[in-house]
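**Student:** Now for the letters of each chain:
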Amino acid sequence: MSLRRILALAFKEMLQVWRDPRSLAIALLMPLMQMVMLGYGVSLDIRHVPLCVFDQENSQASRAVVERFVASGWFAITAALDSNRAVSRAMDRASCIGAVVIPADFSRQLASTGTGPLQIVFDATDTNTTNIAMGYAQGVVALVTADLDARWTAARGIRPSGVGVVDLEPEVWFNEGLESRYFIIPGVVAVILALVGAQLTSLTVAREWERGTMEQLVSTPVTPFEVMAGKLLPYFLIGVIDAAFCLLAAIYWFGVPFRGSAGTLLLTTALFIVVVLAIGYLISVRVRSQLGASQVALLVTMLPTTLLSGYTFPIDQMPAPIRFLSLLVYPRYFVTILRAVFLKGSGLVELIGPVLGLVLYAVVVLWLAARAFRKRLD
Amino acid sequence: MTDAAPAVLAEGLTKKFGTFTAVDHLDLAIAVGEVVGFIGPNGAGKSTTIRMLCALLRPSAGRAVVAGFDVVHAAEQVRAHIGYMSQKFSLYGDLTVAENLRFFAGIYHVPHALYDERRRFAISMAGLEGRENALVRTLAGGWKQRLALGCAILHRPPVLFLDEPTSGVEPQARRQFWELIHRLAAERVTILVSTHYMEEAEYCNRIALIDRGRLVALGSPSELRRHELGGTLVALACAPLGAALAALRDAPGVAEAAIFGDRVHVLLSTGGLAAADLPGFLAARGVHADVAQPIAASLEDVFVRLVAGRARAEPAP
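If you read the protein sequences in the order shown, they are chains A and B.
According to our numbering, the first sequence holds residues 1 to 378 in order.
According to our numbering, the second sequence holds residues 379 to 695 in order.
There could be a bad hint or two in this list.
[What the hints assert, rightly or not] As a list, the in silico DSSO-like pairs of lysine-lysine whose alpha-carbon atoms are at most 30 Å apart: (1) B:Lys394 to B:Lys466; (2) B:Lys394 to A:Lys375; (3) B:Lys466 to A:Lys375.
Hints are computed from structural coordinates only; laboratory data are not their basis.
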């Protein structure tokens, strides 16, 4: 191995990147743009669910129920309707995804039987949103019940007995506000780096084959490892800059709390960048055309990364075979690492599993890439 | 490496791509300091042969030794001892003259102490003084090719392989390029250079003619002109031309007859008519002819005859 040859290659590659400002701009700005789009676009929190109300009673009690829905912040009342047909029309037009129907004898039943019947209809085409909205609705109804209970006991001058009542005090750790953003943004950083990193290097060898410069290069005593090291070095710098952009945006723009150590973050990020660049390089070596390499890179990184990295779809809830498959999806390790470093402040010791996963990946892919580089044309 | 051992030796060198045989049992020995021209039609196997000798393609059969190293078993040693210019221009167009030189000096491990002098040499050889900071893609063809040669010899390789280095370069620049080749040969660099310009063949010590993967002829330009035609070439003015041609084609000892302008070129093999007999032979058949003049065959005559003869003997598949 010759350091001089590696540096000669790295310097040459750097000059070429520098002389191609358009590609450089794409390499540096693309991740930021993706960060903004994915960071804002992907959110699992549901606020202001559009809801219609068909209040057949329109009493003080029924209005109190509706107010509770509004006050929760999770729902927005988009229309007050006056017939079941109007409800079904509103649902058809998708002007609301749910309707609260309060029967005309709501107060009477409440007074006589102690139970007030309340109907909520949901449009379940989007099951995910509906499930979450139903959860919110149950929470609201629980509050309504508690209100009624308190009023009922107070009216009779009875102190709450406390008998048989279990008071749950939920205490949420690491993401106290239950902000799904905090959970998703670190994952988004991992996904972006995985996609951009592979694209960065996927062209580097293919371009030289297409331009004819590779035939000259392989006729020299340069070794496959030297070519790989020399070519990865400049892109490593770009990858680090990209990562810094994304991580700083996560912390300062999206306000994700950062509780870990900068050292752990730096080390694991550098490791991940090596993996993603090596993947792109391996593709570039195998596919000797720029267009082909870029498409293969997109294909092999995009789907597995978005679907199986666990950045939105939880891996724990996948069927066992898919879960097993996801072990091969290297971004999942970095998604885990970033979340833990950001929200739990985990260090290398706690993260030894995913870190070793990435190390193994880096070693195997670099080895494959160095082996795949042929110094012959046939 | 002693002078007695050839700088380049190919024995039964063969390359097959699937069922297509690009190079077919080629034998070639090039002495140290020799300039050998590789001539042949497109697709004859010139580039494939050169790439095998540069250890860029693995021979399907046979062996080759370059600068004392086997191209299969000591490929890296071969690469360290050769300079190669591929058919396609292969310097970095988005790098400057100086940056390309520095890059290849790094790749070839040119000692730092020697680099400055070699860089200056390459730049003056290419005629690029004062243009060191020009991007290579902005240079005209001749300068590009001379710079590529300069980069290929930065490590002072004993053997140089140049694959059509002058194609697409204007005649003036081509002549300059050949001067450089001979300057290098004078310093005992062995050079195998392929070309499809016939006049360039004359600049070589020896010529290897290759056609459809086979070495068809090998020798100095004058040897080839003398022997490979297989007879004496004469020209004679005669009238009418058509009748002369018809008569000559059936004449004993006439290998070939063809019209060139107002004259007929006749290739005479031994054992038939002599040049002096031609006017009488033709007069007897009602054709008036002047005295036959012996003429020198051009290399093109030789190649056309060799390649055409092979095509007749074994039609291409």
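**Student:** Give a verdict on every hint.
**Tutor:** To see whether the hints hold, each was checked on the structure:
1. With a CA separation close to 22 Å, the supplied pair Lys394 (chain B) and Lys466 (chain B) stays within the 30 Å bound.
2. Annotation: proposed proximity of Lys394 (chain B) to Lys375 (chain A) holds, straight-line Cα distance about 19 Å (limit 30 Å).
3. Of the supplied pair hints, the one linking Lys466 (chain B) and Lys375 (chain A) holds, its CA atoms being roughly 17 Å apart against a limit of 30 Å.
Violated hints: none; the structure is consistent with every hint.
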